[in-house]
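> Listed here are the chains, written in short residue letters.
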Amino acid sequence: MTAALRADLEQALGAEHVAAEDAREWRVSPGAAAEVAEVVRIAGRHGAAIIPVGSASRAPRLRGVDRSRVMVSTRRLDQVIHLDETSLLCHVQAGLTGLGLEKVLTPRGLSIGDYPPSLLGSTLGGLVAVRTPGKSSARHGFFEDAVLGLSAVLADGRTVHTRAAPRRATGPDLARALCGSEGTLGLITSVVLRIHRRPEARFLAAFVLPGVDAAVAATYLALREEAATAGLRVLDAAEAAHWYGAAVCGDGEAVVVAATAGPTDLAACDRDLITSAVRAEGGRDADLALAETWWKRRHSAEPWPGPPPSFQLTATPARLCGAYHAVRGAVTAAGAAARVHLSRFDATGAVLFVTFVDPEAGPVATAPVLTGAREAAVRDAALTAARAAGGYLFGGRARELDPYLQALRAALDPDGLMNPGALVG
Amino acid sequence: MAPPAVDPDRLRKELEAIVGPRRVSMRPVDLDTYARDMWPRLLLARRAGAPPAHLPYAVVWPESAREVASLVKRARALGVPIIPYGGGSGVCGGVVPVHGGVTLDLKRMQALRSVRGDELIADVEAGLSGERFERDLARRGFTFGNFPSSIYCSTVGGWLATRAAGQLSTKYGKVEDRVAGLTVVTGTGELIDTDGPSRALGGPSWTQLVLGSEGTLGVITSARLRLAPAPQLRVFRGFEVGSVAAGTEAIRRVLQRGLRPAVVRLYDELDTFLNSLKPGGGHGDGRDDRRQHAFAPAPLPGEGALPVLPGPPASDRDDGPLRRLLALGRRGSRGLRQDAMGALLSRPRAVNGLVGAVAEKLARKGCRLIIGLEGARIRTEIEAALTFAELERAGCKDLGEEPGKQWLAHRYAVSYKMSPAFRDGAFVDTMEVASSWEQLMDLYHSVRAAIGRHAVVMAHFSHAYPEGCSIYFTFAGHADDRAGSERLYDAIWRDGLEAATRVGGTISHHHGVGLLKGPYMFGEHREAMSLLHGLKRTLDPDDIMNPGKLGLVHPHAPEVDGSGGAGGPGGGGRP
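As you go down the protein sequences, you meet chains S and H in turn. Residue numbers are given in the working numbering: position 45 of the first sequence equals residue 45, and the series is strictly consecutive. Whatever position you read off the second sequence (first residue = 1), add 425 for the working numbering.
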């Protein structure tokens, strides 16, 4: 049975693109969308699970998957199919990484846009198929808002193309069924993305405010005046001291670093609107070098220095401060300390990045990050507090809508072959 | 019409058990009223004195989502379709009960439940009229930013169900860009909320999968919508540009520089020419404008701000380019008038060519471009200066603010001005297609040529985005009788939409699908229709929600009329 599956895969793709991972798992690398469709049909015939693998930044979800598995790597699907510089649209294959696309765009004065550079190492198909924290830009919105159309292979081996249009009113947005579906409804083979011209000008600014509350208030004051930021980060005193040294601000204060971009006059206007909002909230200018350091590190190809934040949550604008204080309070009550920064501000809210540290091991800014059982206990306390304060954790699902998602899966994939371990439980 | 699947008396009792006797009607006048929307093809039949081809069994006015849920559950048990109904301003026949059923008029659910200034979110019931919604928001210092020309006769729920767009969409987006969550009664009668931080959650966005479903997946009963602060400043300006191609290029450059005007409207030569025929040289007088704005929030004196909501169109005023086109042949008795217009509209190719040539060569008017910006004061001022400078660099000639103000004063007129043309034996309709900039001129020329074979056609470009733009074609046709008119009408849509699909455009930017465009949905989506069918099976397994729409074929569909098309009455001209 499994030998027959392997033989079929090798016949379709060539033996060099089929690798046995173990007795029941093969990794295949199709070189064209039509080959992806063929792989899906073959797996369907053999009753094997079909599991997409992008840049493999996340382990595939295999829990409860008790059947042969075909891991479909999009590694070879890394071409730009069409670059439309008139409409600023780019049709790319799913396996191309954000960095790979930037290499094509940069010499032409174009760019994917002001997304956090850290996510550009992922494949574009993966970015669209999987929701993970921080895939948003204050200037361009959430990453999937940049998707104007896509192609995907459904469980029955048919390929669907949702044709790109700037906007349409022809029923629900069918491309959005695939966005965030993690390969459970179809395997994305290519996407049509909105791209941008490189901004004419960019300005940076740094401020010190009386506290996190004032910093958040200033940010939303500026957003209401329609200031568009290319990036903005609020760091609480401990986080600021961790990154910039203890002298940067006083206890209880907060640091804001911001970047604006666009036509020179507008980018300068946006910077001035932020400055004036900061002043209105009792803030003062800080050394511009803080913002330059932040921006440089943000765009550096180097991996993030130090361990990643302990956890991330999001909250709507009115609940950001409440969530922040609730988490800090809970962490302190659990005998630990936290440093926090807030980022990805837009009209829907922002993301809080929280790092737990051990206060007995030195000042919060430099204390070691909590690990092991102690970290787990503090995390539980923080999660409870965050939820009570109206924060949302990443990676969850809208439980009450789960039956509909499972029904949609059953309708499109009656045999349950498409990434069966994902989006369940 | 298919007979009701259930005994009318029993149906009435079942419905009355849920909402009481006063909110159920089976009176012929109500059934007749709710048998249609403003789809012009239905008006052709109406004009000929024909009764509606399809009537609902009953009309019900629910007052809560819970009542809607009970009604849907009941209808499901009885096997009776449910058709949600908002303002009835649709132009695609989306509310026609082609398989009978119970029409739910949601206009009694019209509470603006909350407006949260700190979150910039309004919680609003689906039946609220668009105009009242924006007016209430304006009083509190906010806007939703959706100002369709139908704002006085459309509802918030109708906007969401069809993915509507307003005249300020270039800044605020279409409605689907501003939705935080929906409350929906699905085809199984369950009540679901699609709210939540969709960006933090796994799985597809149910909000985006219900928006635009036109009642085929469920009934939208309320929504959480994203607001913007009410604009502090509005700046409007008219420009003149040599050709449509030069005008669209100028707009593209503005948008791709990152500038976001609220209003962008470029009229093609014929549309511009007809606009210039207005008595008084095409300028509105200030007195008129003040009357128009009498009940809108007053602008701050001396600051150039224009009010948020101009009033409804006065019936005696000039009513748009089409009317003026029709007026070209309008002198003498009604009979003479109809003859003149008939003669004019029966030679569409000649008229299209002639008037276009006149506009271009004699009047040397070129194309008119209206640009409007609004928003926070400081940023809007700078953005306006950059926008106008960019347009001038692209070869547009500044005409000052008068053309912009004139447009603003008349901007809701079009939705109310179709009936005079119909009275005179002609018909008028609009076709809104869209594409990326790369394909836009192909789309313009091919759709214009396709319609122009049958009718007098003009166009304007509005709803511009960095990646593309919508084109709004207006056409007027004429035939001697109802059958001829319907044949002509169907041929226009068939050829126009096929041309749009051929060059890679979409068949609808914001009017939706309904019955009219159902036959063209497969051409639009191809295999992706299987995703739509999957959604249908998921949310409405028994196919009771507005069956026969969106190109979804009703499995138990009886022959709906002589044409037998899946698209219902005439099917809008199945290819």
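These aren't lab readings, by the way, just hints derived from the structure by calculation. Be careful, since some hints might not be right.
To be verified - Which stretches of chain H does chain S cover? Using the computed rule of at least three CB atoms under 8 angstroms from a CB of chain S, they are:
1) 549-558
2) 564-573
3) 598-607
4) 960-970
In this text, a Cβ means the ideal position worked out from N, Cα and C, and glycines have one as well.
> If a hint holds in the structure, say so; if it doesn't, say that too.
Evaluated hints:
With a threshold of 8 angstroms between beta carbons, the proposed coverage of the segment 549-558 of chain H by chain S is violated, since 0 of its residues qualify and at least three are required. Under the rule that three or more residues need a Cβ within less than 8 angstroms of chain S, the assignment of the segment 564-573 of chain H is violated, with 0 such residues. Counting residues of the segment 598-607 of chain H whose CB lies closer than 8 angstroms to any CB of chain S gives 3, so the stated coverage by that chain holds, three being the minimum. With 4 residues bearing a CB less than 8 angstroms from a CB of chain S, the segment 960-970 of chain H meets the requirement of three and the coverage assertion stands.
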